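Asker: Chain by chain, the residues:
Protein chains: 2
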Amino acid sequence: MRTAIYLIIGFVISLGALAYAFYLYRKVLSFDQGDDKIKEISSYIKEGAAAFLRSEYKVIYTFIVITTILIFFGFYFGYDTLSGLTSNSNTNIIVEQTEYSALFYGLGTSLSFLLGSIFSLSAGFIGMKSATNANSRTTTAARDSGIVKALDVAFKGGSVMGMGVVGFGLLGLFIVVSLSLAIGVDAYEAITYAAGYSLGASSIALFGRVGGGIYTKAADVAADLVGKIENSIPEDDPRNPAVIADNVGDNVGDVAGMGSDLLESYVSSIIGAATMAALIFTADHRMNGILFVLAIAFSGVLASIVGTMFVRGKEGKSPFKSLKNGTYASAGLFIALSLLINFLFLDTFGSALYYDQNDVFMNIRNFAFGLAPFVSIIIGLAVGVLIGLVSEYYTSADYKHVKNIAKQSQTGHATNIIAGMATGMESSLIPVLILAAGIIGSFLVGGLFGVGLAAVGMLSTAGITISVDAYGPIADNAGGIAEMSGQDKSVRAITDKLDSVGNTTAAIEKGFAIGSAAMTAIALFSAFIRKAGLSAIDVAQPRVMAGLIIGAMLAFFFSSLVIKSVGKAANKMIDEVRRQYKEMPGILEYTEKPDYAQCVTIATNAALKEMMLPALLAIITPLAIGFIFGSEVLGGMLAGTLVTGIMLAIFMANAGGAWDNAKKLIETGEFGGKGSEAHKAAVTGDTVGDPFKDTAGPSIDILIKLMTTISLVFAAAFGLGLF
Amino acid sequence: MRTAIYLIIGFVISLGALAYAFYLYRKVLSFDQGDDKIKEISSYIKEGAAAFLRSEYKVIYTFIVITTILIFFGFYFGYDTLSGLTSNSNTNIIVEQTEYSALFYGLGTSLSFLLGSIFSLSAGFIGMKSATNANSRTTTAARDSGIVKALDVAFKGGSVMGMGVVGFGLLGLFIVVSLSLAIGVDAYEAITYAAGYSLGASSIALFGRVGGGIYTKAADVAADLVGKIENSIPEDDPRNPAVIADNVGDNVGDVAGMGSDLLESYVSSIIGAATMAALIFTADHRMNGILFVLAIAFSGVLASIVGTMFVRGKEGKSPFKSLKNGTYASAGLFIALSLLINFLFLDTFGSALYYDQNDVFMNIRNFAFGLAPFVSIIIGLAVGVLIGLVSEYYTSADYKHVKNIAKQSQTGHATNIIAGMATGMESSLIPVLILAAGIIGSFLVGGLFGVGLAAVGMLSTAGITISVDAYGPIADNAGGIAEMSGQDKSVRAITDKLDSVGNTTAAIEKGFAIGSAAMTAIALFSAFIRKAGLSAIDVAQPRVMAGLIIGAMLAFFFSSLVIKSVGKAANKMIDEVRRQYKEMPGILEYTEKPDYAQCVTIATNAALKEMMLPALLAIITPLAIGFIFGSEVLGGMLAGTLVTGIMLAIFMANAGGAWDNAKKLIETGEFGGKGSEAHKAAVTGDTVGDPFKDTAGPSIDILIKLMTTISLVFAAAFGLGLF
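So the sequences go chain by chain: A and B. For what it's worth, numbering that gives the first Met the number 0 labels the leading residue of the first sequence as 0, then goes sequentially. For what it's worth, numbering that gives the first Met the number 0 labels the leading residue of the second sequence as 0, then goes sequentially.
Just so you know, the hints here were simulated from the structure itself, not pulled from any lab data. Predicted model only: the values in this text are computed from it and were never measured. Check before you lean on any hint, since a few could be wrong.
Which copy? The list can't say, so a pair holds if one copy fits it or any two copies do.
Here are the simulated lysine-lysine pairs, DSS-like style, with alpha carbons at most 27 Å apart [said to hold, decoys possible]:
hint : residue 1 : residue 2
1    : Lys227    : Lys488
2    : Lys227    : Lys38
3    : Lys567    : Lys679
4    : Lys406    : Lys571
5    : Lys227    : Lys679
6    : Lys227    : Lys36
7    : Lys323    : Lys399
8    : Lys608    : Lys313
9    : Lys323    : Lys663
10   : Lys679    : Lys496
11   : Lys679    : Lys406
12   : Lys567    : Lys402
13   : Lys406    : Lys227
14   : Lys399    : Lys148
Chain A extracted, bound-state conformation (with noise of 0.2 Å):
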């Protein structure tokens, strides 16, 4: 009864998040599009992102069908090893699979994975279609009704995607659940389907991320170098051939990418405490421990509802301040609920035995207050908010260390690098203390469950947190809009102020989006281990160390993959911005149009077929450690991934972020100015901070929880491995 009144309630906020969804799109429609020299500029752009969408998801469509396929028949014949193998293991679930047949093991995860993908793709979609409707508009309003206006559409956009994300979400995660238990599944087994829906999430997010940034990236980096410096042309000028391109790629990488990045996280930490909840309880509590989980979920999409209409723009009021509003009224709203749900499910918390093999004493002790599963949420609730505000200290030209760089610009391309690398790689400490200091509070709260639950609560408030993400690129399109349909420069300031924002919310994102990384893929991790049946995963086991050192050393090799692939994008985009200047030599003069279509093709080919390699590495790794060297080599190695992928995830992100705001701190006429050698400097550390904190960085987060999701999914397979 109670679970099906819960299935139900949640039922009811997902579907209510994607029809506010769909009410905001027709909203953002309904707002004025403006004349045909912004229509026209705008098609190019839709149609530009419309085109790598189309692109990219035949690609990914292949791999969707065949991974499916290949799930199923893995999971069909390896039935007998995978139930044999987890009905001799440690975890207390006495493998009621054994059950069902072969068939249902195979169809639940293919069909769940299908699901994780389709949604996930859904989500992207979506959000980048609002996101180029409104950039236009937003561009119109600011002509035509100022800055509350224009920021009213951009966040009205962005939120298209927030609420799309948390409700595709949350809805597939329903589905699989409700599905399972409705043909006569348990509770542990429906969580192992929904892990299938999560790693369906994860492998779109990894196309999406590194696919959308190595787009972005080349489109960018052709832009600037043919355009503004070989050409002197400024900033979104509509004689460059790149220009389309370049703004597309905001929508592709930073809109679409941004969006299944962030949908996998919030899937996965979901998973990852429902598992630990499927794991640690008894039978008769589990489906509670794991109602609990979704509760703790669809609270926090009610909240972000919520929030997002207090996020009301007001003359004279900083529209960060807007956006800050609303945040804080989902926060606290989410905090009240979860505190609520907490006082109905004591009953779970208070009487049930929860069961922890490893700190049963501990567990007890905490769980007769029976509020623990509460704090562990506001923990992660806390990491998360922490770490977004030290990405921003570190990133933020009103403090020190963006300043130091700027300084620094001034003897040179070397020192600003130096000044830069270092700053990035400081920035490091803080984060990893909150992050090292939310894992043991939340442990020593609620146990492994407790863990799991901070990642919950750090992504609990995910629908405002991308509506807010979602709205900077949207600012960003509409100032390139009203560059290249000139507008009057009153125009191009507020769209300048509403993108100012959007640098700020991106740097805090940055940070979010590595603290939930970590948060979540410690949260799988601790299933997986439970799952592929370990007591330990022995770092003083030489095999585990070696294990431990390869994932490391895959942190490092799949960003070098990442940043060279860039490279030779934009290499490609470059060649094609130089040959129209050379066979349309009419272009600079305004008197030929330049082939906007061609760069957002060759954009297209090149970002698609530099993914590839990459995205298999973060796949096949996985499966080829566990399956050569067995689950206690690959856990190994994934927590060799996960610490050095924090870490470079954190500092290529903050590098990246200082670089950017230092060459932008001396543009406005600190230590030089535009066109110094200090400015030049400055633009060299942000072209090499661009892939770093915009595709390489990002797509480290993925990989964390690609590869840990992999790795739960089939978890109970590894075994001992052949060696």
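Fit chain B to the given chain A structure using the hints.
Answerer: Just chain B now, kept in the frame of chain A:
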């Protein structure tokens, strides 16, 4: 009886190495020093280097005295806790230490520490003394007798260091072990004291590498920036006030720093394996296990001595080949000797109940063959050689990566940096796979003892390796002296040829230093775990995972500190050089002589000041984490620093080396040649790479080893921690 024989042979051989070093030193002094001009310049370098060491040693003496006292009282008063904890641990040592008084325990460890510090200082001191005498004599030999004689002088100068390091390193170990046995301590206790010896060597190595590394790069950057770039005077020009400091830097960083680094690796690897032997052999075979490790070590010293005699230049033969001959001869002889020694110890390995609680079966099976130790040693030797070769591949202009960086320099500073970074990151792939294969291989063959022996095998021929390395900066200095003393171009041509070989050997050495640090740290890590009485370091425990993440962060944070220190020290130097040019305008017209000494003083003070924070971080963190969170969390932290540190060290060493050689490749006329835009971009890369490859990278090697050694020494004291 056997013990006595082996100890005596060991004494004789280590004293022999020192006598041989003394003979070589006298030989170097017997060569003609050259004309007055050469003598004058050489004396500046000699005095500058001596002045730095004097100041550095003053700081270090204070540190040693304080630490020795702290260690004494720590062990004296902590004695009850220590022995209590150890007797509760699950190692198979039945704590014989309770028979000895607390006084013994404190004295043994603190005096060993003192001896380790003093011997490390001595090795660095004689190495630098020899190098600063050999440099001018190499110049003179190049002028008077040609390349064959010059190579001979430079290599003999370097061999003093090589022989000094292994001689002092081994002698000290024999003293500690013999004295311990003489006072009636058992084998296990003796090795415990030896860990104190290793800690002394580690601490000095850290100061040497960090201090020397900051010195050399600060001087280098200042000399380049103000001299070469701002005032357009050539490299090594006597009108550059920083030129002497720059040449001094080669000696204090690349000779003294490198020597104490490898002495530390050398000693630690032996102690790691010996501790393993003490922990896993049963009491009646324990001493034999330790003796075997020592015998392998002294056979390596013997092989190195013989090897140096095979280095003979020949007209028309590449100096690189001559140096390689020596290395090959040493390796060949060492393999033969270690096989022989293995046969001599067959009784121990064949019949002893070889104890390893985790994999008894495997050990029995393997040790039935009796030659498993030999095979493990050879695996280690092979891993060292292979990792060195991969470093050469990634950093030599003969291969595609450096060529690509040079090519990317044509499109600007940013693409040069990105290409170098990507290359550095990519270059971790193969070394890590080799290392992982070596760890797994030696473990499969010989258990944990096998892993320890692999580290010993890798470092066994350290004598010849260090000789070859120390040759590099001597040849480099000889070139500088030739330039400054106005020798004929033909002299400079010879020294350049010798120097370019030095660059290749330096790249190989860096790879080797990282590989050996990693292998040694893993051996020490295993010893730490056993000694701390842990059965596992389970990263599946959230507390341990938090430790792992913090450890990974330390590697990044430490690097940022060191890189920033170089920047700060360089800025002070830059100010001084600019001041001299301003206040003494005659310098550039040769009418005034620059104040070399002032530059040397400033570099010295800046380096010493800046080395304190990173050094203290490395020393205090493991103690703090160990006492607060206990040994398992500390173990997680060590593993985190180990794996992330290895990656960062490889990345920094290879990116730096590749940038350096890309610049040199362009200077040969490729891609636009000297003075082109590509060259400017390549200079940027080289400058960024300098603190990477010569300061931060090598310092991380020591960070890894020192943190593990400290943890090993205090292993028994940490217990479960406060949280």
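Asker: None of the hints should be skipped; say for each whether it holds.
Answerer: Status of the hints after comparison with the structure:
1. Lys227 / Lys488: within (20 Å within a copy, 46 Å between copies)
2. Lys227 / Lys38: Within one copy only: 25 Å inside, 55 Å across.
3. Lys567 / Lys679: For Lys567 and Lys679, both the intra-copy (23 Å) and inter-copy (23 Å) Cα distances are at most 27 Å.
4. Lys406 / Lys571: For Lys406 and Lys571, only the inter-copy Cα distance (16 Å) is at most 27 Å; the intra-copy one is 34 Å.
5. Lys227 / Lys679: Close inside one copy (12 Å) and across copies (21 Å); limit 27 Å.
6. Lys227 / Lys36: Within one copy only: 23 Å inside a chain, 54 Å across chains, cut-off 27 Å.
7. Lys323 / Lys399: within (24 Å within a copy, 50 Å between copies)
8. Lys608 / Lys313: Intra 46 Å, inter 53 Å, cutoff 27 Å: neither.
9. Lys323 / Lys663: Cα proximity of Lys323 and Lys663: one copy only (23 Å, versus 52 Å across).
10. Lys679 / Lys496: This pair counts as within: shortest intra-copy Cα distance 24 Å, inter-copy 37 Å.
11. Lys679 / Lys406: Classified as both; 13 Å inside a copy, 21 Å across copies.
12. Lys567 / Lys402: Answer is between: at 16 Å across copies they meet the 27 Å cutoff, but 32 Å inside does not.
13. Lys406 / Lys227: So Lys406 and Lys227 pass the 27 Å test inside a copy (23 Å) and across (22 Å) alike.
14. Lys399 / Lys148: Classified as neither: same-chain Cα gap 34 Å, cross-chain 55 Å, threshold 27 Å.
Hints 8 and 14 from the list above are not met by this structure, while the remaining hints are.
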